[in-house]
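The residues making up each chain are set out below.
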Amino acid sequence: MIASYELAVIGAGPAGMEAALAAAAAGVETAVIDGHPAPGGQVYMPLPAGFEASRPAGEETEGERLSRRLDAAPLARLWNAAVWGIFPDESGSGWSIALAGAEVPRRIHARLLILATGAYDTPVAFPGWTLPGVLTCGAALTLLKNQRIAPFRRVLVSGTGPLVLSAAAHLSAAGVAVAGVCEANRFSRRALRHAPTLLRESRRLGEGAGYLSRLLLAGTPYRTGWSVVEASGEGRVEKAVIARLDAAGAPLPGSERNVEVDGVIAGYGLTPNRGLAQMVGCRLEYLPQKGGWAPWRGENLQTSLPGVYCAGDCAGIAGAENSRLEGQIAGTAAARELGKITAQQAEDFSRRVRPAWAQQQRFARALAELYPLPPGLVSLLQEDTPLCRCEEVTLGAVKQAVAAGAQTLGEVKMLTRAGMGNCQGRMCERPVTAVLLRELGAGAAPETTGSYSVRPPLHPVPIGSLLEDEDS
Amino acid sequence: MRIKVTSKLLPEVRRGKPLRVAVNGKWVDAYAGETVAAVLLAEGIQVFRHTARARAPRGVYCGMGLCYECLVTVDEVRAVRACVTPVADGMRIEIDAEPAL
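Line order of the protein sequences matches chains W and Y.
In terms of numbering that gives the first Met the number 0, the first sequence opens at residue 0 and continues consecutively.
In terms of numbering that gives the first Met the number 0, the second sequence opens at residue 0 and continues consecutively.
Don't read these hints as lab results, they were simulated from the structure.
Ideal placement from N, C-alpha and C gives every residue a C-beta, glycine not left out.
There's no promise every hint is true.
To be verified - Per the computed footprint, the stretches of chain Y lying under chain W, defined by three or more beta-carbons under 8 angstroms from a beta-carbon of chain W, are:
no., stretch
1, 6 to 15
2, 37 to 48
3, 55 to 64
4, 79 to 92
As the list claims (entries may be wrong) - Heads up, incomplete: computed chain W residues facing chain Y, CB under 10 angstroms, no partners named:
no., residue
5, Glu58
6, Glu61
7, Gly62
8, Ala139
9, Ser171
10, Gly207
11, Ser212
12, Ser231
13, Gly234
14, Tyr370
15, Cys422
16, Arg437
17, Gly440
18, Ala441
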């Protein structure tokens, strides 16, 4: 028998945990699925099993509180379960979810889906970005906060947005010398326009200010309007080059400076991890202020596909607080669709939650305007810089494809193999798009160059997982 | 180990039980809960593999299991993501750290 649920929530970060809790509380038979050994996602990732934090008893983090509630809720928890495909059920009454993992069923069935698959650091390509020692902000933070290791002596942190400060401050606090912090955007009067929205998030502003003052007190050079432009070294990072950027984000010739480092931590904002939504068939739209391609959603966070909802950063970057609210909204909407709560109850809930949600959306818009991804960064690329890390496709090869007539990501993929590797194009979609837009010039837009297609298996999985379970 | 940190921004942590893993046949110390990537990095190893075409060195990049750059061989299973794979006592990890084949 294939286990069957009224709702499957995919992803157990802030959005997925809240969605599962809201649905289960309303009496929905819910399964929540995550590829990690425990819930939390990237932002609330718990310490690994076996590690123990010495903290006063009873003092819980937000993530621990959520995770404890999830453990106590009446629902099915499938951890260490990688979803590699979702297919319309043969009966036409829902979805068949294909899983890989040692201790999970190969398939489960669900009538409704809430996708809460989160986000990842936006890859920005530059010469040397494939060298060992170049890590994303997310990778550095996970190593520091979760694994408690700091495998560098001296690093450069470069990128844009709040994670740059967080990564730099955590590296510094862990005893790593931070040779410099480059924030690609300059602070401008644009910030003032968003002051009322920003000031309402005093806790988060305070956190950022704390990180910055810690860095400045430690004497860390902090530059705005600068970026890493190159990393180099024999087999691993030994040196980085930074440069001042012009208004478009292109490096200004003559402004380059060398920095001796053994690590470059790069974080240029976040990109929605929308692969599953796309594979299922949700219509995507290009939302530059929300991190790029993301599923279209209506006011109850329903996608273009009946029975499929998307919550949190996988549908547009807006942060953990927003994800939690969206999880509650989607979970409640699913409960309503299944008839577990009345229209009045759904309406009452909506009235309660929407003001906070609107504030989080305004805050996200403000951050997106203050920390856009500078388009000029594309000019960092050299002919031999790999854009597709998996298939080792260089800028030169992509330019040749454009010269041969390629006008979309799909055409570049066919001609060069860019995007065909293990990561399914997650790492090179943005860099290849940037090159396509530059090479094609006027008239080209992300809407015309498109996105990579996504097909099952979403991740490389052991061949046995692809076969139907014989005893099922 | 020197790179295992205490941080002024984080609560103190006690690591899991000590255990041993073999990296290319050489036994190294590790702790339950650590990922393969953390153990390699703690040993000062940044280069986990070389690419098929250019034999270019690669290591941890995204750190969250999405980029497939940190692939190593674990207990004879190839192409395992070091960043999301926890270590186990007696685990045998093979890396492709030498530029020339």
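Requested in this report: Return the numbers of the hints above that this structure violates; sort them in rising order.
Outcome: Structure breaks hints 6, 7, 10, 11, 12, 14, 16, 17, 18.
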